Amino acid sequence: MADEEETLRQVTEALGSVAKVPGPITMETHILHDLNLDSVAVMDLVMALETRFDTVIPMDRLAEIETVGDLVRILSRLDTAAGGG
Amino acid sequence: MLGKYRALRQDQAAVSAGGRNPFGLAFDTVLSATEAVLDGRRVLLLGTNNYLGLTFDRDCVAAAIAATEAEGTGTTGSRIANGSYGGHEALEKRLASFLGRRGAMVFTTGYQANLGVLSALAGRGDHLLLDADSHASIYDGAKLAGAQVTRFRHNDPDDLRRRLRFLSSQPGDKLVVVEGIYSMLGDTAPLREMAAVKREMGAWLLVDEAHSLGVLGEHGRGLAEAEGVEADVDFVVGTFSKSLGAVGGFCASDLPDFDVLRVASRAYMFSASLPPSVVASVGQGIEAMERRPELRARLAENGRRLHAGLAAAGFALSAPPGPIVSLPMPDREAAVRFWNLLLAEGVYANLALGPATPGGRPLLRMSVSAALDTEQLDFATAAIGRVGRALGVAGGGPAAAAAAE
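Listed in order, the protein sequences are those of chains A and B.
Going left to right, the first sequence walks through residues 44 to 128 as our numbering numbers them.
Going left to right, the second sequence walks through residues 31 to 435 as our numbering numbers them.
For reference, chain A alone in the conformation it holds in the complex (with noise of 0.2 Å):
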């Protein structure tokens, strides 16, 4: 399994990419409310981290994914699955 912590500064580091990020991120941040990023940000922001991390993350596991913390969590395991072939 990927290191949460280093998966934490990936995202942290791709939110910068798109977004303008008002403050510290941690895994507790709530993407929508704390963010203030919509639907085609937060699609673009997963868009950065899956080339980041080469993997897909398909859309329909958008849904879960409410606070940072959701999308270090899937991201750490589809490295995994990734890895796994």
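Since the hints were derived computationally from the structure, they do not count as laboratory data.
None of the values given here were measured: they were computed from a predicted structure.
Glycine included, every Cβ here is placed at the ideal spot set by N, Cα and C.
A portion of the hints provided could be inaccurate.
Beta-carbon label-pair distances, calculated as ranges [said to hold, decoys possible]:
1) B:D188 x A:S82: 40 to 50 Å
2) B:A341 x A:E107: 26 to 36 Å
3) B:E248 x A:P65: 50 to 60 Å
4) A:E71 x B:G258: 29 to 39 Å
5) A:S82 x B:P220: 19 to 29 Å
6) A:E107 x B:N112: 48 to 58 Å
7) B:E405 x A:P65: 48 to 58 Å
8) A:S82 x B:V293: 46 to 56 Å
Stretches of chain B that chain A covers, calculated by requiring three or more beta carbons in the stretch to come under 8 Å of a beta carbon on chain A [said to hold, decoys possible]:
9) 171 to 180
10) 190 to 200
11) 322 to 328
If you want the ones that stay clear, here's a sample from chain A, every Cβ over 10 Å from chain B, calculated [what the hints assert, rightly or not]:
12) E47
13) T69
14) D77
15) I108
Fit chain B to the given chain A structure using the hints.
Just chain B now, kept in the frame of chain A:
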């Protein structure tokens, strides 16, 4: 019940505070393909998608009137439950022959064509790969589809390839969806490269030619014709509401059992069919598309003229010359002001805001028509230039630099 829309309502109020409500505009009357009356004043229409100017074409209007007199105002039901009129089938044959395809299916709107086709084609276990800048109807169709949906970077064949590779070990059909011309910025898909990726990876390809039908290609069949890759396109989707000047949508294909979608596509099965007037005017519109290539040439010339005029005025433009000309705006407030001031100058354009625009960036979007004459285009160009200079959006001002970023 509507409490969840508080933020949306506030956004709407903010946008309308600068003058009119851009999303609730109502013309007193529409006079022609290029002019309307708004609050008693004539305005030039520069945001209609009426590419060939066929809404007032004499033959199209006459065909619609004759069909209404002969067959009535509406069909009052769906084709599955209430039967097709002869005109529906004749239009499908006409359209298929125009596009050089084995079969075509007509839907009641372009939105429903994408909804009905994507949801029927890509079921559970299949994969849909959508260009990131896809129209809402494509996203909504994908939502209904039950297939796994993946979004690839706009116009990026390498990203598409990477994703198809990633998914290659998973079972199910893979359907790639792109558009001929993207409606917000007016850019076209790199269709030859996309088609090569599709071939290489064994995927299917659907091209939505909503803005390119009648516009691109020697015969007006769209981007696939212009790029010489029609054989790679498995499904062509399009609309009658732009170059054909009416309403309705379609899908055409060479697949021998394509017809099965008539009893699989819910948007087709459960919508009332197109009224005789529309069926007749669209049929006549296809005739015009075929017999009057000068309309397409005129449209292209008008697109070039507006593009060149605005570039000369110092605007940053979002795409090479084409039927859609969009100006990136530095922020929403400037976009709203620009739109209002331009309307006060007598020119109606489209205000496009996020999330409907790529990256959520605000745009002043215009589309030209073959029906515009050079005097009208020059009038519009001058008006846009005046507003742009007044707001510092044109001619290298700080706002222009911000918009160009």
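A quick look at each hint next to the structure:
no.	hint	verdict
1	B:D188 x A:S82: 40 to 50 Å	violated, 26 Å
2	B:A341 x A:E107: 26 to 36 Å	violated, 46 Å
3	B:E248 x A:P65: 50 to 60 Å	holds, 53 Å
4	A:E71 x B:G258: 29 to 39 Å	violated, 53 Å
5	A:S82 x B:P220: 19 to 29 Å	holds, 26 Å
6	A:E107 x B:N112: 48 to 58 Å	violated, 42 Å
7	B:E405 x A:P65: 48 to 58 Å	holds, 50 Å
8	A:S82 x B:V293: 46 to 56 Å	violated, 33 Å
9	171 to 180	holds (count 4)
10	190 to 200	holds (count 5)
11	322 to 328	violated (count 0)
12	E47	holds, 23 Å
13	T69	holds, 24 Å
14	D77	holds, 14 Å
15	I108	holds, 14 Å
When the structure is compared with the earlier hints, violations turn up for hints 1, 2, 4, 6, 8 and 11 and for no others.
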